[in-house]
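S.K.: The chain contents come next:
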Amino acid sequence: SQWGEENLQALSIQEGEDVTMNCSYKTYTTVVQWYRQKSGKGPAQLILIRSNEREKRSGRLRATLDTSSQSSSLSITGTLATDTAVYFCATDAESNYNVLYFGSGTKLTVEP
Amino acid sequence: ETAVFQTPNYHVTQVGNEVSFNCKQTLGHDTMYWYKQDSKKLLKIMFSYNNKQLIVNETVPRRFSPQSSDKAHLNLRIKSVEPEDSAVYLCASSSNNERLFFGHGTKLSVL
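Chains as they are written, first to last, in the working numbering: chain A, 151 to 262; chain B, 717 to 827.
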């Protein structure tokens, strides 16, 4: 497996709080992508961070990448109830750059 | 706005039956994918097609077969479904693997 964690994590917070979700990966990758999947929909990309970047921001989102520890995080500031979703990180793999491998995901519930 | 279209949305069938799912993308992408998502939300790559040629098959059982008529279409056929095939099947497309665009998925229930 590409991933260190195989089980869906669950977080429940109140609207307005900040949250950070983490993932770790096992093999070399050129990019880490973060996706969000809302109920009944397919995943949609939120942010992409490359192996030569340590941080990337997009609106309320902030992604970090630490290639030495092979880990990435996604932070959301000032969460809204509409941020409720499952969040995935995804990477390519050294053996197959044409395919994205997804981590197990974090189910985030933001209570209004 | 959705640009990857999957049909049907749901399908209920019995063990041993054959099913087919359709996927069409209107983004002009060269690569299309099928992912399987289980009840724990785990997403696993099944197939990847680049311009009508299969470029990866992640040890999927032989009863699964992708079918592509052109680069905008990638269908999935399951011959003789089994209970463990119950899942959501997600189709995606991309131009360079740096962003995948997913359809809404087809939920398969095998009784």
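Note that these hints are calculated values from the structure, not bench results.
Just so it is clear, the structure is predicted and the values come from calculations on it, not from any experiment.
Keep in mind that a hint or two might mislead.
As the list claims (entries may be wrong) - Subject to a maximum C-alpha distance of 30 Å in a straight line, what follows is the list of computed BS3-like cross-link-like pairs (lysine-lysine): (1) A:K188 - B:K760; (2) B:K760 - A:K257; (3) A:K206 - B:K760; (4) B:K795 - A:K191; (5) B:K823 - B:K740; (6) B:K756 - A:K188; (7) A:K257 - A:K176; (8) B:K760 - A:K191; (9) A:K257 - B:K740; (10) A:K257 - B:K756; (11) A:K176 - B:K760; (12) B:K823 - A:K257; (13) B:K752 - A:K257; (14) A:K188 - B:K740; (15) B:K740 - A:K176; (16) A:K188 - B:K757; (17) A:K188 - B:K752; (18) B:K756 - B:K740; (19) B:K795 - A:K176; (20) A:K191 - B:K752; (21) B:K823 - A:K191; (22) A:K188 - B:K787; (23) A:K191 - B:K787; (24) B:K823 - B:K787; (25) B:K757 - A:K191; (26) B:K795 - A:K206; (27) B:K795 - B:K752; (28) A:K257 - B:K787; (29) B:K740 - A:K191; (30) B:K823 - A:K206; (31) A:K257 - B:K757; (32) A:K176 - B:K752.
S.K.: Which of the numbered hints above does this structure break?
M.R.: 15, 19, 26, 28, 30
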